[in-house]
Amino acid sequence: MDEQHVKISEDNNFGDVIVVGGGISGIQAALDLATTGYKVYLVDKSPTIGGKMAQLDKTFPTNDCSMCIESPKFIECDRHPNIEILTYTEVVNVEGEAGDFTITLNKKPRYIIEEKCTGCTVCAEYCPVQIPDPFNQNLSTNKATHIYFSQAVPLVPYIDDACLFLKEGKCSICIGVCKTNAIDLHQKPEKRVVKVGAIVLSPGYDVYHPEVRGDYGYGKYKNVVTSLDFERLLCATGPHVGEILRPSDLKHPHKIAWIHCVGSRQTTEGGNSYCSSVCCTYIQKQVILAKDHDADMQAMIFHNDIRSYGKDFERFYQRAENLPGVTFIRSYVTVGREIPETNNVTIKYSTADEGVKEEEFDMIVLGVGLIPPANVNSLSQIFGIELNAHNFCDINATSPINTSRPGIFISGAFQGPLDIPESVVGASGANALVGELLRARRGKLSKERVYPEERDVSEEELKIGVFACHCGANIGRVVDIPGLVDYSKTLGNVVHAEEGLFICSTDAAQQISNTIREKQLNRVIVAACTPKTHEPLFRDTLREAGLNQYFFDFANIREHCSWVHSKQKEEASQKAKDLVRMSVARVAYLEPLQEFDLPVNKTALVVGGGLAGMTSALSIANQGFEVHLLEKEANLGGMALRIPTTLEGLDVQEYLKDLIRKVYQHPLVFVSHSASITDVSGYVGNFITTVKTEGRTKVIKHGAAILATGAVEYRPTEYLYGTNDKVMTSVELGEKLALKDSNLLEAKSLVMIQCVGCRQEDRNYCSRVCCTHSIKNALKLKDTNPELDLYILFRDIRTYGYSEDYYREAAGKNIKFIRYEPENKPKVEVVTEGGTEMIRVCVADPILGKDLVIDADILSLAAAVVSSAGSYEASRLFKVPLNQDGFFQEAHMKLRPVDFSAEGVFLCGIAHYPKHMSEAISQAYGAAGRAVALLSQATVTASGSVCEVDDNSCVSCGACIAVCTYGAIDFSDTNKAQVNSVLCKGDGLCNVVCPTSAISLKHYTDEELLNQIDAAIEMK
Amino acid sequence: MSADHNFQPKIIGIICNWCCYGGADLCGVSRFQYPPHIRLIRVMCSARVDMFHILRAFENGQDGVFVGGCHLCDCHYVTNGNFNAYSMVQVFRKILKHNGIHQERLRIEWVSAGEGIRFANFMNEYSTELTKLGPIGKSEGIDHETLAFKLEAIKRIVPFIKLVLTQRLQVTERSEEAYHKFFHSEEFERLFEEIILDKLTQSQITLLLQKKNLSTGEIAHLLGLTPSEVAKHMNNSSKQGLVKYDVESKLYAIA
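These protein sequence lines map, in sequence, to chains E and F. Letter 29 of the first sequence, counting from 1, is numbered 29 in my numbering, and no numbers are missing. Letter 93 of the second sequence, counting from 1, is numbered 93 in my numbering, and no numbers are missing.
Since the hints were derived computationally from the structure, they do not count as laboratory data. Note that the Cβ used here is the ideal one computed from N, Cα and C, for glycine as well. If a hint is listed, it holds; no wrong ones were tucked in.
In silico DSS-like cross-links for lysine-lysine, where the CA-CA straight-line distance does not exceed 30 Å: (1) K489/E with K10/F; (2) K10/F with K1002/E; (3) K251/E with K567/E; (4) K976/E with K199/F.
Covered stretches of chain F, going by a simulated chain E footprint (3 or more residues, C-beta under 8 Å): (5) 56-62; (6) 69-82; (7) 106-120.
Using the sequences and the accompanying hints, generate a full structural model.
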């Protein structure tokens, strides 16, 4: 810490929680905590929040634009009255204990006075010093003074140490050009001390540094780049504005190789033994995107196991694999040499058919793994927390969000290599655990958001503004955006039209707000992505500008246009014009609508009394809310009752017993056994669920619901299962092992077959847990019976994360792993040799190139995890979707992983997708965190889009009353239909049954819709 | 069928926010491709789609109207309005068919928010189908004026059809099977003919007579009916006081 000129800010240094690390996980944690009613400091050492996710081009497996989905959250943080963002700031000291921490912060000088800066970037324009741009992985340059990236929050530049003044006291051009005197080149580090009750650590991860060992020629050969470098090359905001140009000559590479597991799954010096979990799928993403950029590009992917263990990853892998010119090769590789004339690089690899080959590539991308954050040791010291053997945070399988120090929680990839949704889940989970600790402080320091007064536009002429988004290259590459803007200006009542690279970015949203004021716009159209994700943001922007939020309309020119007509640029550009014209026609008729507040019932309902459901229920109860827990069976426990231990050796049954005891003992948890739901009605904040339980009927009123309906093990119809008792599933094997079954102990030979009932056409997904499960059983078997001959027949071993170490251990214990191809599955028959019945397994060994015959005493089948009947039931009752595999479909794969799109309903556990126990626990806390963020609100806001009746047209026929099952319509004293706005849900069915069109759904009136339909045809 | 290879159909899609719009979004996210013929309009529930909307689209020369909702019994709303949308579309398709307009021009499908590929498949299928059919009117051998006349006659009885839908064409059991069965039953056929067709013919006759007075024979010719069918309608309409017979000119006129 710099001791000179230490300045202590005096104001406002008392909060509830500090979130350290402003990547996606920290952001989500801050938002959930702040919404729940805690005052949050969000600290990041970078000049902006955003973290690694901001650097990614797209996110798998939906290929959503990473920045597009993350940056609205920056704005949300920025605008949240309970969040104070502290960037360029590090924690230097932590004292105290859970409930009362004193944190010392050091704010590095950015040499810009944040309060004065407008983010105009004139300083950057005039700055004479070029530096490598860290945001672009040093692949391009930026100025010594610059904004970290264009969506940064705060939108303020920082001055790099390369500044001539800072280095040599020479230049001060920026001071001269800054109109607001915001530059202070004499700024010193600032010390600030804040007091909080809890800490959430979300420092994220770093990527493996191949330059240290010079892996695959990285650092030596110019055209060898890391996957993070490539991520920037792909990106429209990247070094070459979205063109993939290789470093040596800035030409398009036409033949690219990707190498898997760089720095991961290695026990050699400098490598990491664990699997980094995300690389397989991000490489597939990069291949798909690179092919999008250049359809003729040739891609070769050198891989070990393909670990597509996540939701929809298997299909994503198939999508990449089926692209023309894309070849996946299962081979270790060495980099050969650089060709001096071309700077191309050669790779040596081997295949079973053709032996060792050397092949030349224009460019090589290294699939680098995830490593602990660079400052992990000082983090560990400052916060007083333990690290694990891999130098990530030491966590416990049953409390994956707790650190070794009470009151300090973690979220995100500091837990170990994690994908974005899991980081987000952990963030919401941290909210739940902080909530358990600080429940008494909830709401004490929180503030309400205040909007400016709404402008009355009723007397104004129509003034429509159109904002068209390039969305990086997502839209701009297909749709002619400048043409769209020009066209928009020709439409009636449009007084302003402009384009933007990312309209959802902080500055763009702010700019729209300013433009609304300056130009006195009274209708706003954004032509960009889908209203389903971004409408709330822009409605908020209107409110900020003092305009009624219902004066906004979206023209979806991405999901419904550029992405689905990507090869027909002209037609897509025309369609975009049509869509904007239709929007312009519609907005002319929009009316200002008022929303109103409804009280929130403070009770939660949890459906499913397995591990996930119980964990959620208990956490909500620990935060002071009443919870009803429904279990369809007579006992709590669910699927976990059948799992004796975990791979890491946790006694699951002991843990469950303890958990069940806590559930029963908690005064706020009410358990219903043998429960079945007969009816669900109501809406967010006010649900009414009718439950039949043990012979009686309960009617439960609740504000939120968590669906944790679990999943079941597939009952195989293949491999003689059910016809011979030597054949069992791996769960059954685990149970028998725990009971020390004598047949098992005496077995001389045992075969396990992986992927039974999944990763095939009718169940096109990976069940995620089976590889680990089989290895757990295998290690246990070897422990008790070292002489046992043990074979695991697999397709890919998917021991992602730390489980990789156990895979290595198993392979070291002479457990034989034999890979089979799906088109050549093992064949199984019963044989009798020397009077003993055996299961004969015949499998083609691709390495030996011949059939292998194994006579086994026991055959264990790694049967798929399949969705439960309860999930179908819950889906129907709560009106929430299932995906094509029967698992719950979350609202957004990446950023709303435990929410349904139906408000007030959340999900967790294996009903969402197969997962390990610690993952299910993490998700259960996540769902609890999200539910409590809702339950802690006094009110929820009801839509202004409700029905109203024109008394003069109403003929009192009652047709509307008859169809409205919400009971929102009745007859008034004058015998006319009247709508109760609180009960009206705005579906509009009553509109179409009314013979006189007397009832009308606001925001979707006939006038609005018919005008939209009319405008679909261009009037020339 | 049309042989115009350059023909690009114009389609309006009116789809519900919760399922089909989500499916269309997922279709985009998954980069499934389909022809750029459709313009989508978002409503909260497919039940909000009104016969007036469909008529307006056809009047404007749209070659197809696509209605997209949640799967039956999966409606986001407890009103299960997609059943109403389904009934309306069945009746409307029958009316189109009766008017010599390809009923395929109106289509209703269910797409959940998780079914991006299903949405793409429908879009591809529907575009191909409409391209094969050719432009509205022309491909049916109906000139512009006649098409406008037919649509106008339908429009005039929309309030009536709405009443019939809620009062006479209700299916008691809300299941896909029950609805499908009913709308493919003889009973529906009979009700349609007795209630709706009658009214439609009446509407057409009234519309004709508003332009000029006509004889029974002329009306029969214009509407492709037999003189005795027309006589029956005229008899009813006279009784209701809607039309009158001018003995001198031997023509019917609006009363």
